[in-house]
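Turn these sequences into a full structure, and let the hints steer you where they fit.
Counting from 1 along the sequence shown, just add 148 to a position and that's the residue number in our numbering.
Restricting the straight-line Cα-Cα distance to at most 30 Å, the calculated cross-link-like pairs of lysine-lysine (DSBU-like) are:
#: 1; residue 1: LYS288; residue 2: LYS224
#: 2; residue 1: LYS180; residue 2: LYS157
#: 3; residue 1: LYS265; residue 2: LYS240
#: 4; residue 1: LYS287; residue 2: LYS222
#: 5; residue 1: LYS323; residue 2: LYS243
#: 6; residue 1: LYS240; residue 2: LYS287
#: 7; residue 1: LYS265; residue 2: LYS243
#: 8; residue 1: LYS288; residue 2: LYS240
#: 9; residue 1: LYS180; residue 2: LYS240
#: 10; residue 1: LYS159; residue 2: LYS243
#: 11; residue 1: LYS287; residue 2: LYS224
#: 12; residue 1: LYS154; residue 2: LYS180
#: 13; residue 1: LYS240; residue 2: LYS222
#: 14; residue 1: LYS323; residue 2: LYS224
#: 15; residue 1: LYS222; residue 2: LYS288
#: 16; residue 1: LYS159; residue 2: LYS240
#: 17; residue 1: LYS265; residue 2: LYS288
#: 18; residue 1: LYS323; residue 2: LYS265
#: 19; residue 1: LYS243; residue 2: LYS288
#: 20; residue 1: LYS224; residue 2: LYS286
#: 21; residue 1: LYS323; residue 2: LYS287
#: 22; residue 1: LYS243; residue 2: LYS157
#: 23; residue 1: LYS180; residue 2: LYS159
#: 24; residue 1: LYS224; residue 2: LYS265
#: 25; residue 1: LYS323; residue 2: LYS286
#: 26; residue 1: LYS224; residue 2: LYS243
#: 27; residue 1: LYS287; residue 2: LYS265
#: 28; residue 1: LYS240; residue 2: LYS323
#: 29; residue 1: LYS288; residue 2: LYS323
#: 30; residue 1: LYS286; residue 2: LYS222
#: 31; residue 1: LYS222; residue 2: LYS243
#: 32; residue 1: LYS222; residue 2: LYS323
#: 33; residue 1: LYS265; residue 2: LYS222
#: 34; residue 1: LYS240; residue 2: LYS224
#: 35; residue 1: LYS286; residue 2: LYS265
FYI, nobody ran anything at the bench for these hints, they're computed from the structure.
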Amino acid sequence: MPPKEKVSKAKVSSTAFEMTREYGFASVTARKLAERLGCSTQPIFRAYENMDELRAELFYMSVEDLIGRMIARKGKTPSYMAPAMEYIEFAKSEKNLFELIASVDDFGTRTIDEFLKTDEGSQILTKITGQTDMTYAKKKELFTMFWMFVHGMAALISGNRVEFTDREIRAYITKAYEGFINQIG
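Structure below.
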């Protein structure tokens, strides 16, 4: 019988996720990850063909974490505000994970159309557009415009390009949302 695996793929990915959270993925090398795991680099490359494959998995882990938070967030504010504020809060508090998510690297990610067809996408679409009698096409248009605005704001905040209080952020989000609603008609 082969020897029992001491460092599992799950352990490699969870440790790399924590290191990415702390230092950013650019600082996660096979050698540093092996050091943190207390092993050689062999278990890492048994689990992943290369560091790009690990990076892609960390991207998806980060996206799952963020989407879970956005769906779970509740508030007494308009329905569109909770996922927007959670996204921006994630960008502020998890800068390194947000940087990985916001990177322009192609991890085979879904388009907005594909995302909205998933259960998670449908839930977020409903939170953002509310229970309106809008057609699906108009809801998708609203989601797209709104999300581009929220993502831009989150990226600027995460990169320390702008500094706003939560109250200011909410005011900008409300103005943008109402403007988009007026444009869609």
